[in-house]
Structures are given as C-alpha cells and as structure tokens.
Amino acid sequence: MRTIELKIPSETGYEKLAMTLAEQCARIMGFSDSRVEDVKTAVSEACINAVEHGNASDVTTKVFVTMTMDDDRLAIDVADEGRSGPPPTEVRTPDLEAQFAGFETPGGMGLFVIKALVDEADFVEPELGFGSQFRMVIHLEPKETPA
Amino acid sequence: MRTIELKIPSETGYEKLAMTLAEQCARIMGFSDSRVEDVKTAVSEACINAVEHGNASDVTTKVFVTMTMDDDRLAIDVADEGRSGPPPTEVRTPDLEAQFAGFETPGGMGLFVIKALVDEADFVEPELGFGSQFRMVIHLEPKETPA
Amino acid sequence: MSSAIHVQIRREPAAAVIELHGDVNSDGEAAVKGAYEQVTADGASTVLLDLSHTQYINTSGISVLITVAMTAKKAGNVILVAGASPHYKKVFDLVRFSSFVTMFDTEAEALASLG
Amino acid sequence: MSSAIHVQIRREPAAAVIELHGDVNSDGEAAVKGAYEQVTADGASTVLLDLSHTQYINTSGISVLITVAMTAKKAGNVILVAGASPHYKKVFDLVRFSSFVTMFDTEAEALASLG
Ligand SMILES: Nc1ncnc2c1ncn2[C@@H]1O[C@H](COP(=O)(O)OP(=O)(O)O)[C@@H](O)[C@H]1O
Ligand SMILES: Nc1ncnc2c1ncn2[C@@H]1O[C@H](COP(=O)(O)OP(=O)(O)O)[C@@H](O)[C@H]1O
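Residue numbers (this note's numbering), protein chains in the order written: chain P, 1 to 147; chain Y, 1 to 147; chain G, 1 to 115; chain V, 1 to 115.
Calculated from the structure, these hints are not laboratory results.
Heads up, a few of these hints could be off.
Here are the simulated DMTMM-like cross-link-like pairs (lysine to aspartate or glutamate), alpha carbons at most 25 Å apart as the crow flies [stated by the list, open to error]:
1. 33/G x 105/G
2. 33/G x 122/P
3. 33/G x 11/P
Beta-carbon label-pair distances, calculated as ranges [unchecked claim]:
4. 92/P x 29/G: 20 to 28 Å
5. 104/Y x 10/V: 27 to 35 Å
6. 85/G x 3/V: 37 to 45 Å
7. 129/Y x 70/P: 43 to 51 Å
8. 55/V x 53/G: 51 to 59 Å
9. 92/P x 53/G: 48 to 56 Å
10. 113/V x 85/G: 24 to 32 Å
11. 4/G x 84/Y: 26 to 34 Å
12. 73/G x 88/P: 38 to 46 Å
Backbone N, C-alpha and C fix where the C-beta goes; we use that ideal spot for every residue, glycine too.
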C-alpha cells in the first residue's frame, strides 16, 4: 500500500493538479486508459465540489486529496473545510428535461457522474476532524494487469 | 501566491509524481519549455536525495514537497525526516576523471546538477522541526510571460 | 490557472462551426454564449460545436453547453455537437445530454448529415 | 513505480546499437551492463547507446552510463551516445560526461561518423 497526499488551493482550475496526480497513480497501478479517464473526471468533480461547496470558494481554505494505492484498488479521498454545512446525504439524478425546458438551472451533475464512473463514492467521517470528506474507490479489474 | 503540498512515499520512482506536479506549476506560471525541464530534473534529484540520503530509504518515512508559486518565482521545498544526519554544507564538483579512471565510484552529481539548473538551491531550517529541508528557487524571466 | 477556453468561429456552407479550444468549464460561459450569439446574428441557423480541440470538459462546462443548446432550441435554431472523445461521449450519455442534442464523432460527419 | 528500463539490441554494420527504453535510473544498471556484455561477447567493439526512446534520465542513470563507458574504455572498445534531448545534453555537458564519450544528435549521425 502506498499513500500520496496533495493539498491544493480552493480555486477552480487547481483540480487539474489532482487529476494529473490521480492519473499517474492509476497508470502505475495498471488501470486501462478508459478507467484512467473515469478516475480523472471523478477526481476533478470531487475537487470542484470541495472548492465551490465545501470551502465556499474561500481562498484561505484548502482542499486535501489523499490517494491510497492498494494491490487491487485505488481509494481517493477529497476533504474540504466544511464552510457550507454538511454534505448531501443523497445524490439527485439531474433532470435535463426540466433544465432544457427552463424550469431548472443547468447543473447538479457532478455527484451523479462520479457515482456512475467509480465503484464506490460516499461522504465518510472526516479524518481532519472537521469539514467533509468524500471517498471514491476504483477497483482494478483482473484484466488490467499492473505494469 | 499559491501553495501546493505533496507527500510521497520514500521510494525511488515516486519522485516522478513530484516532477509532474512541478512541471504543471511551472507551466501555469509561464516558464519556457527548457526551464520546465530544468525544474523537473532539479525536483527529481532533490526527491531522490531525500529518499536515499535524508530518509535512508526507510519505507515508514515520507518526502514532503511544497511548491510556492509567486508572481515572479517558483520555490520548491523538499523535506525529509533526517535519518542519516545533517545535510552537506557544501557541494562537490563531480570528478569524472577520477570516476573514469576507476579511483572513485561514479555518482555524486545530484546537488551539483541542481545548483547549476536553478537560481537558488540551499538546505534551510526545516519547517517540520526535524529532518532536512532543501529549497530551490527558479525565477521567471521577464520574457517568459505567464500564459 | 486553467488553460482558459478560447473559441474559433468558421462558416461552412451547411453550418457555422464553433471550435472550443482549452478547458470547457464554468469560466467558458461568456465565450461560448458570445460565439453562439455572433454566428446567429450573422445569419446562421445551424450551429456546430466542435469539441475535438478540448481535452477537459467538466460538468460545469456541460451546463454551459446545455444553456447554449437550450437558447438555440428556443430560437428554433439547430445545435450539433461533434468531436467529443469516447470518454466524454460516455459522460454526455450518462447525464442524457446526448438525448437533447445530436452528437457526431467528427465535424465531417456532422456536416455531411446536413446534406 | 518507475517505468522500468528495457533494452533493445540491434546489430548495424558499423556498431552494435543498444536502445534504452523507459527510465534510465539506478535500477537500469543490470540491464544496460548486461546488454553491453552481450554485444561485446558477440564480437562488437563499437557500441552505440541510443537514448532517443527515453524521457527520463537521472544522475544515478548517468552513473550507470559512466560505468559502462568506463568498462568499454578499459577493454579498448568504443562507446558512442546518440539521441539525448537538448535538456539531457545540457546535463551531460554540466557534469562533463560529454568530455568522455562522443555524443551525436541522432543514431544516423553516429553511424555515419564511423564511416
Ligand atoms: N463537498 C461538499 N460539501 C457540501 N456540499 C456539497 C459538497 N459536494 C456537493 N455538495 C452539495 O451537493 C449538491 C450536488 O452537487 P453536484 O452533483 O456536484 O452538482 P453541482 O455542484 O453542480 O451543484 C451541491 O449543489 C451541493 O449542495
Ligand atoms: N537530503 C539529504 N540529507 C542528507 N544528506 C544528503 C541529502 N542530500 C544529499 N546529501 C549528501 O550529499 C551527498 C551528495 O549528494 P548528490 O550530489 O546528490 O550525489 P549522490 O546522491 O549521488 O551521492 C550525498 O552523498 C549525501 O551524503
């Protein structure tokens, strides 16, 4: 097991540092190209949520990303400082009919996309002792032999 | 000013995560391609020293990399847990004559190369309170306009 | 720090083409909307969004695309989307964006479909 | 976690070529030395190290190259190095590795120099 930790500013755009790091970890573990893309999108969306919701875009806050590389799974935890209350307890399916009809503002797709792309995705007890921590787990399929 | 922190395992190979992160920071700041290569090599050598010397390759230790992006300079600190005594106070010029003649084991090029590639490179007071901390600073040349 | 979006506009016989370069995220809203408004003001009623030059689209970027597609639909214009990578095509399918706009693998296929 | 070095050996009329793929670091010592021993055992007295397929060389990797070049020199063999990027050429110059082996931009130039 190997652990990599990253701390980035609460500013959109910096999620790309977490994406690249997650990509490298996923490649080291031998994930397929398409699984690597899934990981990158999931990490990006989780970091943007941490910046915009969890940290309410407060520039004095940070986003904490921890990647745990195990033999058969990659866990990625994204933690924020909880500036906007507790995280949601359920994930809504985006209603594009309503959005296209103008009844709803376009958006609300992040958590739904993450849930669809990774094997496990849940808010967990924050190890920081405060804020929110979102954990994503991606399993290495037997066919994706580590390099 | 933006600060990015990375914590990696004490194992050669993982320096590549720090290299990629430093590369992204340098590109965001607008460094030229050749300067980006300098940064990558310097970070790689500093991390390998932290793993092999500072942490004596003890797998329970970590290497701590901090990138500080300022308007006109990128500072990269590489800290280790100081498992093999204090860091060197001077940098030797590698003697390739002696190495080719077989009088010296090939090696001892890392700090020398770092010093040549970056604008400032020194061991500084460790902010962790223990271990060694090596600081490298690379100035953004006026012609390298940020993107 | 993102590689800011920039748009390139081209007039093809069958459609106005808006190429999206850089990152497609929330910052891109003004640029993409502006390009749509420009080409329709210039008389285009069929607009092709070419995503083949972008490597990064997030869900905020998809919201921007939805907003433009919605504006087009309201005005009776046609929006086509081309050049999304297999990964982003999968994401568009997941959120069902692809049920509301017509997707093509390449710009050439999109233009050919217009006859 | 590094992308481990692997070598590919080719026999050209003027020299044995050892292509280094992957990362050139301390882990590569056995592979590079082994390749050198194999080609010289097969009769080559001129050996070309082709670095054009590697993206990452660190100073431990340079030490490996020095060791092989030293072994060659002792045995009266010739080592040529080709294909280093401008950045690594700069690093080779810094440590003066390039004063001890002959460097060429490309394998073709290196082979041509052998007449
Ligand atoms: N880290 C977080 N902390 C607090 N609330 C969150 C966090 N992540 C998501 N949320 C809440 O869940 C909602 C849905 O998030 P998401 O599906 O990513 O869509 P969007 O970010 O576009 O609203 C957000 O609007 C927000 O209220
Ligand atoms: N982080 C560090 N902590 C303790 N000693 C160090 C550290 N970095 C370098 N050194 C010392 O400086 C010497 C020279 O380092 P370097 O020039 O990188 O060459 P090499 O690592 O090949 O010996 C090392 O052999 C080691 O004794």
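Against which earlier hints does the structure fall short, listed by number upward?
As far as the earlier hints go, 2, 6, 7, 8, 9, 10, 11 and 12 are violated by this structure, in ascending order.
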